[in-house]
Structure formats: structure tokens, C-alpha cells
Amino acid sequence: MEFKLSKEQELIQKTAKEYAEKAIEPLVNQIEDENRVPDEVIEGLRELGLLCLPVEEKYGGAGAGFEGFVVGLEQLARVSGGVGIFVSVVMLGTSTIAVHGTEEQKEKYLTGTCKGSWIPSVAMTEPDGADPRMLKTTAKKDGDHFILNGTKRFITNTNFAGPMVVFAKDADTGRINGYIVDKFCEGYSISEPWDKLGSKGAFLSDVYLKDVKVPVSNMLGTPDEGFQTLKVTMAMGKIGLSAIYLGNILAAYDEAFNYSKDRIYLGKPISQFESVRNSIVDIAMKYEAAKLMTYRIGYLADNTANKAKLVKDSAMTKIFVTETAVDVSRIAMNVFGSYGLMKDYKMSRIYRDAIVGPQIEGTANLLKTVVATDMYK
Amino acid sequence: MDLRLSKEEELIQKAARDFADKMIVPIAELIDQDNHIPEEIFEALGDLEMFGIPFPEAYGGGEAGYLSYILAIEELAKACAGIAVVISVNSVGLSVINAFGTEEQKKKYMPECMTGKKIFSFAFTEPGTGSDPKQLSCTVTKAGDSYILNGNKRFITNAGFQGPMVVIAKDSETDKASAFVIDKFCEGYSLSEQWNKIGAHGGPLYDVYFDNVKIPEGNVLGRSGEGLWVLKVAMIYGKIGLSGLFLGTAKAAYEEALAYAKQKTHRGQPIGAKFQHIQISIADMAMKYNACRWSAYNLGFTADTVKDPNQLLREAALTKVFVSETAVEICKIAMGVHGSYGLMKDYKIARLWGDVIIGPQVEGTSPLLKILAAGIILGD
Amino acid sequence: MNIVVAMKQIPDLQQVRIRNRQPVLDGVPMTFGSIDKNALETALQLKEAAGGNVIVISAGTEELEDTVKEALAAGADEAYLVLDDELENIESSVSAHLLAELIKQIENIGIILFGEGSGDNYSGQVGPRIAEILGLPEVGYVCDIELEDSRVKVTRSLEDCEEIVRVNLPAVLTIMADINEPRIPSVTQILKAGKKPKQILEVEDIGLDLKGDKKIITLSSLAPENKRKQITVKNGEELVDALLTEGVIRR
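Residue numbers (the numbering used here), protein chains in the order written: chain A, 1 to 377; chain B, 378 to 757; chain C, 758 to 1008.
Calculated from the structure, these hints are not laboratory results. Glycine included, every Cβ here is placed at the ideal spot set by N, Cα and C. It is possible that part of the hints are untrue.
Stated by the list, open to error - 30 Å max Cα-Cα, derived DSS-like pairs, lysine-lysine:
1. Lys986/C x Lys641/B
2. Lys291/A x Lys709/B
3. Lys991/C x Lys641/B
4. Lys231/A x Lys651/B
5. Lys231/A x Lys639/B
6. Lys684/B x Lys14/A
7. Lys651/B x Lys261/A
8. Lys519/B x Lys483/B
9. Lys684/B x Lys261/A
10. Lys949/C x Lys483/B
As the list claims (entries may be wrong) - A few chain B residues that face chain C, going by a derived Cβ cut-off under 7 Å, partial list only:
11. Leu380
12. Lys384
13. Glu385
14. Leu388
15. Ala392
16. Asp395
17. Phe396
18. Gly439
19. Ala441
20. Asp681
21. Val683
22. Asp685
23. Val739
As the list claims (entries may be wrong) - Across the chosen pairs, the derived CB separations fall in these ranges:
24. Gly716/B x Thr15/A: 50 to 56 Å
25. Asp877/C x Asp379/B: 27 to 33 Å
26. Asp302/A x Lys972/C: 27 to 33 Å
27. Leu197/A x Val773/C: 25 to 31 Å
28. Lys972/C x Thr102/A: 27 to 33 Å
29. Asn925/C x Glu480/B: 18 to 24 Å
30. Asp398/B x Thr222/A: 42 to 48 Å
31. Glu982/C x Ala650/B: 14 to 20 Å
Based on the sequences and whatever the hints tell you, model everything.
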């Protein structure tokens, strides 16, 4: 066993950190206010390979694997949770296509994302919820096309051109499959963006599909593989979230640590008070545990041939890290006292960002029953 | 990173697990009742070289590193916390001799303490002063080419077994703390009754009295006056052992709860299948155990690779607090799954409940260790 | 004298879980069949009693090079292996050919030991087949072995009696699971295992063609599902009556 990042992973970490501090940090408030990741940031990430870390090199990706991905994303999300979600969803789209896509699909959509200007999305959830058995979006075979109809809810990056993997029910067979839709094709439209509480920056909206025509060749995987594709997507999303909220914990840690040294009370820095010191150690301890869990899921993703099997472990990691992030934010907030409430302090944003984690990609309670069901099988 | 166990690590883990299943599990309840571990168990563990896993081959050890050590301790502790306590404290003694001992001291004390026939103790805590190094009341006075040791030590594990003991005491002239190795049961050495502690039975705990114990000059460990360095290293390795130990307790609690949830039925259905809150309990335990496991294994790896004692102490303190506190949480959840049955000594979880609370209380309570870690983290 | 023990690499059965009526083998470490370990223990005890060298032979996927450390840690002195990922699920006649070729490379053989059956398929064929190929005597169901110079006295455990036979060496013996309890390897033995001598052969060296259909794929190996009768009883009397009616007990 070896708990050491490779030299390459260390360099990815460093590049992500430096880029985030230099290019994203100055724009963080703008990202928040406009709820949009600026184009120059997207291009910067693309140029440095940070946008497509786990995508294979032959499609223009960095080929850094999922371990490289979590290490890099942690640093980006440390500076901006919104950018973290943006990059994570790109990974979600590319990974879903990479696992079950044909060579042509990969060549077109992965290369178009890594080298071109596309930003992928994945659309599963619907207004009635995220239970795959209750999907109402349908795909009706019509010659060499499928006709898609339905509404998808809470979909990220819908405002960019690029592929969107839409999960829909075959109108004839009732089977669920993924279909690659080119965003902004005929029949594609989106709602106003949702105004999220935190982790802002990645555009989130509903999507309306009205008689959207998709060539048969754009179906992902074979007709009976749809559920496996969905499982891969679910697992990948949780890996991304684990890394994002690990970054959130790291941000809270940095903020609380620095504040405790700068803030003077009764003539000495508050870091001299035992209760504050205790808080810092609690945060450090929780960060270490969350980090090990997250890096381990990256390692596991790189070493598991069938990615659909990652559902249980990725769920456990996601619950652990996102719930820990909320705990840590709360502790860090305490270190700040009233100042933490003020938007002038980064801490207020980190705190708002943290609560997003446990709510999305399956709430903790739902995911725990998923984990338990797997254990009782 | 490479999170697979090597074949060797896997085999060491398996050897410990097989031994525990075959030799310890059948008598674990008896050990708990009698608060006594049969000598044959120690000898058999010695034959398997479970006492010397991380120590150099030259002195009879396995030289397999601290990760392997944690893997083995976890398996043994899963079956019986008391046995793991004995090994963990024995390893503390071996670690400091290994770090500070002269060639002669190493040759004399290390091989015999890896056989299971002699067992190390480490004596620092005192009755009046707790664990504050600045208030030591045990003293040594130089007399010719020996030292004379006087004073009392409290809560000393393994003090009733034959073997060496490292004692931290203050030099009455220089007022500085030094470390010494003595042979237990030498002249002037005596013991209290065993403390009747709440759990981890079999790992015996005594007070120790020194009445003009004569220590040859050659038995100073490390340089005279540098006893606090020895203490620091002992603290590090003690926490490594305890992290493995309470990881084992956590695993045991989780496995007990899982088995119980599958077997206990309510209106014709196992409670694990019927009730969502039981399922959530199981998932919570699995998740927490996983976090503990990677933290503890990471500590083992760190101990094998990191040389800076401050960094290692920080990691060891944080990991010990995290694992032992989380183990208590896991036990509480496992207790919840058992309902009233968990209160009955017929169920293993009742024993684990007494074992697990020891974690956050010993080798530095959690609040104390946090103060210590904060000093290193905040760099002041 | 060299004592040869043939062992088969299988997944650690204790760690295999069944899901959807199929075994889950992902992440399950490889080990040796449990009766193979009894055979190895037998060899080690013979060596301790009369000296000699214990050589493990095995054929399997590349992982075997790592798995064999388990046998070397337990006390085997040397290993002769054939490694090839094509060797998964090979049929008993192929295993017998491969292992027979390995045995031919070893000089001064006294006893060749097998477990009575492998931990996975339990066909029990490889031992007898090898005896046939090498033209050696073979004794099965062995529960005790006594060395007598150039012979061995062997006790065979038959269903309701024990048979004692004497056989000249070299001989092939297939042993029963209850002959002994395998030892647990010590830490330094584990760490030294990787450094013990290993002879590794390729399938080509032996001149066998693995392509084609010389494989056995297990489709299912589950216990038959029991249909429970689900008889409800209210008290002891009814229970006794029910058991009588079902013929489980008799008055």
C-alpha cells in the first residue's frame, strides 16, 4: 500500500492551485453575482488540461485518471465551488460517453469538448424526481432516428453548445437509455436559470425537449445497457462532488486558520485561545479523513474495470465528504464570529456553498438506503 | 497512490486473522471475565512474530513496517482488545529502545520482547501529576556508577509481566528528566493490585512503586537529561498502536451489528430488511469504518516513510483522536441496532461497549491531544 | 529427497459474496485451495521428520507469482510455476499435462502430494492423471503417512474402514482434508517468501496449445432451492404431530 501522490499528480495539484489562485480568485465575486463561469476561465482550464483531466489523451484529454481528477478538482473548488461544479459536470458528460460510447461518438464528442469549444451536460432528473423508473421523457423510434420528448430539471451547463446525454424511456420497449443530444438543436429549449443558495457559477436550468430528432447512432451503448450507463453516471457524479466538497473543506480550513492568526482579541491572536485551537484541530482532522476517502475513490475508479460497480463506494464517499463539509463550515464559522456572516469575508460564501453538497446527486438519507441495500444483497 | 495491500501485507493480515479466529475468538469471553490472557496465547503470538512486526530483523523483528503492524493489531483487537493492548504497549517499549538504545541495550532487550515470554512496559504517568512532564516526582539520584530510583507510577500496562520497563524520572541534581530501562521485579520494584478497568480486559494495568531501585549507568536510555524526547517518541508509537486497536474494535462492532440485523427478525422479516433506520445505521457504520480505516492505514504508511517527528506526532495524534472517537460513535450505532439485547453480556457488543470507550481516554485524552496537535498546526 | 506438492490458485472463498445468484469475484484476493494447504502441511511435516526439500508446483494466471508467496511463507522451499493468463478455467487433462511436465524438471522426487480435490471444481482428477502420465503408483484418500526408507506406509480413510497400504517411492498421494491443520505463517517467513527460488515456465516451453476448447466454464454452482412447507404450529403437541405426519420422527 502506498499513500503517496505520484509526481504527475503532485504537478496537477500545483497547476490547479496556481491557476485557481491567479485566474479564478480575482473573478470569484463576479462568478457569484453573474452566476456564470467566464469564458476566459473556461478557455484557461481547457488550455491547461484541467477541464478534461480523466479523458484519454487520444481524444485530447489529459489522461490523468480519476485520481488526477480529484486531486485537481479539489484545488479548483477550493477557490470556487461554482467552477468546481462546472468542471465536474464536464467530467460527468465525458465519462458517460467514454464508458459506453462508440469510437465515433468518443472521437466526435470527447475531442470536441477537450479541444473544441463544447461543454457537455447530463440530463436525468425530471420535475417528478430522480427515480429512473419514473422517467417520463420518451424516445420514440422513427426510421433511423429517435424522437425525444420531455422535461428535465436541474440540469447544469445547459447554456453552452455541446453534447447532452439525455436519459429517456423507449416509447416502445419501456427500457431506459442514454441519448446524445446536440444542445440547441431544433426542439431544444431551456428555462431561466435557477437561483441556487450556494456553489454558484455553473448555469442550472430546466430543459425542454420537444420532438427533438436524434440519429440512431447517437444512442449510448446497446439498448440493454442503459441501466448500466445510468449507474456509471450516478457513480461519476458522486466522485466529482466528493472532490468539490473536499475543496470546500480545504477552503474553510485555510480561512479559519488564517483568521485565527490575524484576529486579535484581548491583545492576542484568537489562535491562542484553547477553544479556537480545538476548532482548528477538529477541522484538520476532518479534512484528513475526507481527503483520504476522496483520493481513495479516485484510486478505486482508476482500478475498477466496470465503473457501474462504483455506485456503493462513491455514494459512501459522497455522503461522508459532503456531510463533513457542512460540519467543518459550521466549526469554521464559529472561529469567525459575526464577521463570518458578512459577504466581505470569503467564509460566508464557503458556508453557503457547503450545504449544497448533501442536497444534490441524492440526499444523504436516500444514498444510505442505496448503500445498505447493496450490503444486504 | 496504490491502495492495494501487497501480497506480504495481505498475508500478515491473514495470519493475524486466522490466529485470532482459531485461538482467540473461542476464549475471548473467558479473557474478558477473568481479566487474564493465558500464557500460551502470548507464546503462540511470539512464534508468529506478532510482537516484532515493525522492528529490525537484526534484533529479531519482522521489519515489515508499521502499516503491517496496524493491519495485524486491527485483526487481533477485533477478537480481543486486551491482547492488542499488551502488544501495543510492548511495541512502545521496543520503539523507544530501537530509536534511542545503544547497540548493547538493543541486543539485550529487543529480541526477548519479541518472543512473548518477556513483555515491555513504559512508565511515565504519576499519581499526583497526571501526564504533565514538568511535574515529574519520580527521582533518580546518582550514587557512584549507578542511579537510585524512587517514586510511584500510575496506570502502567503490562507491569505484572516479566520483562523490561522504560521509566521516565527526574534527576534530583540537574532537575532534568531522563529515561531508564529497568528489569521489572528487580529489588525495590513492587506493584499495586490490578486496576479494575471498564474494558480491554486482559491488558493488565497497575501502579508501580520504586523503593531505592538501583539502575546501572549503562541503563540510561538516550542521553541523560533528554527523557522528554524519549517520551515524545513513545507517544507517537503508542498512538499508532491505539489507532489500529480501535479500528479493530470499530470493525468488530460493525460486523456484530450487521450479523444481528440479518438474523434478528421482527414480524417475520429480518430487521435489516424491514426497517430503513437499521439500513441507514449499517450504512453509517460502514462509512465511518471506511474513514477510520484509511486514516489508520495512512498513519502506518506515514510512520514508515516520514522521518520528521513533529509531523509524525501531529498525524498520530489526529488519527488516534479521529479513530477512537469515531469507534465510539460506531459502537453506539451498533448498540442501537441491538436494542435491549445489546445490554446483555451474552452479546459481544456489550463487551465492545466497555472496550471502545477506553480509546478517547488513554494515551492523552482527545482534548489534550487536540491542544498538542494545535500547537504543531498553528506553529506556535 | 524432494517432496512435491501440487497446489491450485483459487479466489479466497471466504471473501466471495453471492449476488443475484452469481459469485462476486471482484477484488477478492487469490489463495490456494484449502485441501491443497493440508497437502502442503503434510509435506512440511514429512520434511521436518525426515529432511528433504519441499517444492510447490502450480499452473495459473500471472497473479500466481504473487499467490505462491502464501505457500512459500508457510514453509515450502522452492516453487515451479507455469504462468499464463490463458490458464484460467483449464480442464483437468490440461492441468495434468502441464504439471507432469513441471514434475519432469525436478530430480530426486520422493513423494508427490495432492489435495483430494481442488478448492473450486473438486474434480479430483489431476493427481491420478499425473500418476498415469508419469507411470507412478497412486494412493488416494490418504489420512496418514509413515516414511519407511524407500517406501511409505499409508493409511487410507474409506467410508466405514481404514485401509493400510505400503507403496514404493516415488509415488503420488492424494490426501484428505482432515489429515492435519495447516500452520499459520510467521511474519518473517511471509517477508522472506518473495525471495525464495522460483522456476517460471511459459506454456510454449512445455509445448502445449491452450487455444481451443480445453476449458471448463462453470455456469452455476448453487445449492438447490428448498421449498419450505411452512407448517404453522401453536404448541409443542402440534409440533410433534406435524413431525410425525411428515415422517421426520417416529413414535
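Hint check:
Of the pairs offered as hints, the one joining Lys986/C and Lys641/B holds, with about 22 Å between alpha carbons and a cut-off of 30 Å not exceeded. Only pairs whose Cα atoms come within 30 Å are accepted, and Lys291/A paired with Lys709/B is accepted, the gap being roughly 25 Å. Using a Cα cut-off of 30 Å, the hinted pair Lys991/C and Lys641/B holds, with the two alpha carbons roughly 21 Å apart. For the hint pairing Lys231/A with Lys651/B, the CA-to-CA distance comes to about 25 Å; that is within 30 Å, so the pair holds.
Proximity of Lys231/A to Lys639/B is assessed by CA-CA distance (about 26 Å); at most 30 Å being required, the pair is judged to hold. For a cut-off of 30 Å, the pair hint linking Lys684/B to Lys14/A stands: about 24 Å separates their Cα positions. A C-alpha spacing of about 51 Å is found between Lys651/B and Lys261/A, which places the hinted pair above 30 Å, so the restraint is violated. For the hint linking Lys519/B to Lys483/B, the alpha-carbon distance of about 24 Å falls within 30 Å, and the restraint holds.
Using a Cα cut-off of 30 Å, the hinted pair Lys684/B and Lys261/A holds, with the two alpha carbons roughly 28 Å apart. With a C-alpha separation of about 23 Å, the suggested pair Lys949/C and Lys483/B falls inside the 30 Å cut-off, and the hint holds. Taken as an interface hint, Leu380/B does not check out: its beta carbon lies about 11 Å from the nearest beta carbon of chain C, beyond 7 Å. Annotation: interface hint on Lys384/B holds; nearest CB of chain C at approximately 4 Å, less than 7 Å.
Given hint, Glu385/B at the interface with chain C, holds; its Cβ is 5 Å from that chain's nearest Cβ, closer than 7 Å. Of the supplied interface hints, the one on Leu388/B holds, with its beta-carbon coming within about 5 Å of a beta-carbon of chain C, less than 7 Å. Interface hint status for Ala392/B: upheld, as the beta-carbon distance to the closest one in chain C is roughly 5 Å, under 7 Å. For Asp395/B, the interface hint holds, since its Cβ comes within 7 Å of a Cβ in chain C; the closest pair sits about 5 Å apart.
With a cut of 7 Å, the hint placing Phe396/B at the interface with chain C holds, because the nearest CB-to-CB distance is about 5 Å. Because the closest C-beta pair between Gly439/B and chain C is about 3 Å apart, less than 7 Å, the hint holds. Nearest Cβ of chain C to the Cβ of Ala441/B: about 6 Å, under the 7 Å cut. The hint holds. For Asp681/B, the shortest C-beta to C-beta distance to chain C is roughly 14 Å, which exceeds 7 Å, and the interface hint is violated.
For Val683/B, the suggested interface contact is broken, since its CB lies about 22 Å from the closest CB of chain C, more than 7 Å. Residue-level restraint check for Asp685/B is violated (minimum Cβ-Cβ distance to chain C is 27 Å; threshold 7 Å). Checking Val739/B against chain C: minimum C-beta separation of about 26 Å lies over 7 Å; hint violated. As the Cβ distance of Gly716/B to Thr15/A is approximately 53 Å, the hint placing it in 50 to 56 Å holds.
Distance hint check: the CB atoms of Asp877/C and Asp379/B are about 28 Å apart, consistent with the given range 27 to 33 Å. For the hinted restraint 27 to 33 Å between Asp302/A and Lys972/C, the CB-CB distance of approximately 30 Å keeps it satisfied. Range check, Leu197/A to Val773/C: Cβ separation about 46 Å, and the 25 to 31 Å hint is violated. Between Lys972/C and Thr102/A the beta carbon distance is about 30 Å. The supplied range of 27 to 33 Å therefore holds.
Separated by about 56 Å at the C-beta atoms, Asn925/C and Glu480/B break the suggested range of 18 to 24 Å. Take Asp398/B and Thr222/A: their Cβ atoms lie about 45 Å apart, and the range 42 to 48 Å holds. Separated by about 18 Å at the C-beta atoms, Glu982/C and Ala650/B satisfy the suggested range of 14 to 20 Å.
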